[in-house]
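Peer 1: Take a look at the letters that make up each chain.
Number of protein chains: 2
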Amino acid sequence: RTLNEVLFFPSEVACVEHIFTPSLHHSCLCPLPHGVETSFSRFLRRILSATSSLDLCVFAFSNMDLSRAVLALHSRGVTIRVLTDKDYAAITGSQIGVLRKAGICARCDVGSVYMHHKFALVDGRLLITGSLNWTLTAVQSNMENVIVTDEPDLVQPFIKEFHRLWMHNDPA
Amino acid sequence: RTLNEVLFFPSEVACVEHIFTPSLHHSCLCPLPHGVETSFSRFLRRILSATSSLDLCVFAFSNMDLSRAVLALHSRGVTIRVLTDKDYAAITGSQIGVLRKAGICARCDVGSVYMHHKFALVDGRLLITGSLNWTLTAVQSNMENVIVTDEPDLVQPFIKEFHRLWMHNDPA
Ligand SMILES: [Zn+2]
Ligand SMILES: [Zn+2]
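Quick mapping for you: the protein sequence lines, in order, are chains Z and A.
What the first sequence shows, in the working numbering, is residues -12 to 159, in sequence order.
What the second sequence shows, in the working numbering, is residues -12 to 159, in sequence order.
Honestly, I wouldn't trust all of these hints.
Reference listing, derived: stretches of chain A covered by chain Z, where coverage requires no fewer than 3 residues with Cβ under 8 Å from a Cβ of chain Z [said to hold, decoys possible]:
1. 100 to 113
2. 139 to 151
A few chain A residues that don't get close to chain Z, going by computed Cβ distances all over 10 Å [claimed, not checked]:
3. V(-7)
4. G22
5. S28
6. G80
7. P158
From chain A, some residues computed to sit far from chain Z (all C-beta separations above 10 Å) [said to hold, decoys possible]:
8. E(-1)
9. V0
10. S14
11. C17
12. L19
13. L58
14. A59
15. I78
16. G84
17. V85
18. N129
No lab work stands behind these hints: they were computed from the structure.
Built from N, CA and C at the ideal position, the CB exists for glycine as well.
Please take these sequences and the hints and turn them into a complete structure.
Peer 2: What follows is the structure in structure tokens.
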């Protein structure tokens, strides 16, 4: 059966520590609410479900939880490719430098005014896309939407477009 | 069979006059290329396919062709509701004032930092959503994506969210 899920934001704010460290579920002492499933926790789980690859094509990436998620996948051996906007990548708070320092391959779009996509492809099988940039404001303060789908008619064109953009922005 | 279509931008630039005035197809004298199907012409046709209602929830709306399309639908008797961002609506070039002057009901979001959605619901049946704002830069200069789908698992949550936001931003 096809997976089709829609998440709306702003998300409630809740602790996501147990998503990174399942064993800590009952012992986190931070002041945020615990045991609450939110749009953001669902989003984070989908990203962290990657077992072989994560192709990320996102205009703005400054969210620390999402940066932590991508770094966690990288350290598990998941192949990460990040395509982002050249102007936003240079902004204070952008996580692109952090990812690169960890050895993750990131390329900046050079062929358009804005590289305005906000999509991720998980294991070449699941498409996560919408209006949501990977920032804290987008997650906690804006009206936003994200679609999660494994419908091939939607996933395949995004795989093809990611490949095209990735090749087009080859830094070599 | 379910409709699932993906459009990528920037779009080639081509004349769209024949989409507004089918009888003019072979006689337009403007300098743009003619007879070319583009991402934007497909997008425009989907919007203009509305026969009963168009619910529009979009952060930035300054594109003149899309404004013309919404005005054309309104004059055909299609019920239009436009929900937009309060800050962008006040910007020079925003079409919200033009739509209101024509008698179209537009509401500005007051409940978030940005009303960052970019989706349209055609006849309560077709969802058009993605990263694309309704501006000329988005259409002609940016890397953007738009999904067109009538998959109920995707359409229904957006219908519900539109209703929620519309009620929440009741100007009365
Ligand atoms: Zn906690
Ligand atoms: Zn023409």
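Peer 1: Look at each hint and say if it fits the structure.
Peer 2: Verification of the hints:
1. 100 to 113: holds (count 7)
2. 139 to 151: It holds: at least three residues are needed, and the segment 139 to 151 of chain A offers 5 whose Cβ sits within less than 8 Å of chain Z.
3. V(-7): With a cut-off of 10 Å, V(-7) (chain A) comes too close to chain Z, as the shortest Cβ separation is near 4 Å.
4. G22: holds (24 Å)
5. S28: For S28 (chain A), whose nearest Cβ neighbour in chain Z is about 17 Å away, the distance exceeds 10 Å, so it holds.
6. G80: It holds; G80 (chain A) is separated from chain Z by about 16 Å at its closest Cβ, greater than 10 Å.
7. P158: holds (17 Å)
8. E(-1): Non-interface label stands for E(-1) (chain A): nearest chain Z Cβ at 14 Å, farther than 10 Å.
9. V0: holds (14 Å)
10. S14: Its Cβ never comes within 10 Å of chain Z, the nearest being 33 Å, so this holds.
11. C17: holds (24 Å)
12. L19: Nearest chain Z Cβ is 20 Å from L19 (chain A), so the label holds.
13. L58: holds (25 Å)
14. A59: holds (26 Å)
15. I78: holds (17 Å)
16. G84: Answer for G84 (chain A): holds, closest chain Z Cβ roughly 21 Å.
17. V85: Per Cβ check, V85 (chain A) is outside 10 Å of chain Z; nearest 23 Å; holds.
18. N129: violated (4 Å)
The structure fails to meet hints 3 and 18 from the earlier list, while all remaining hints are met.
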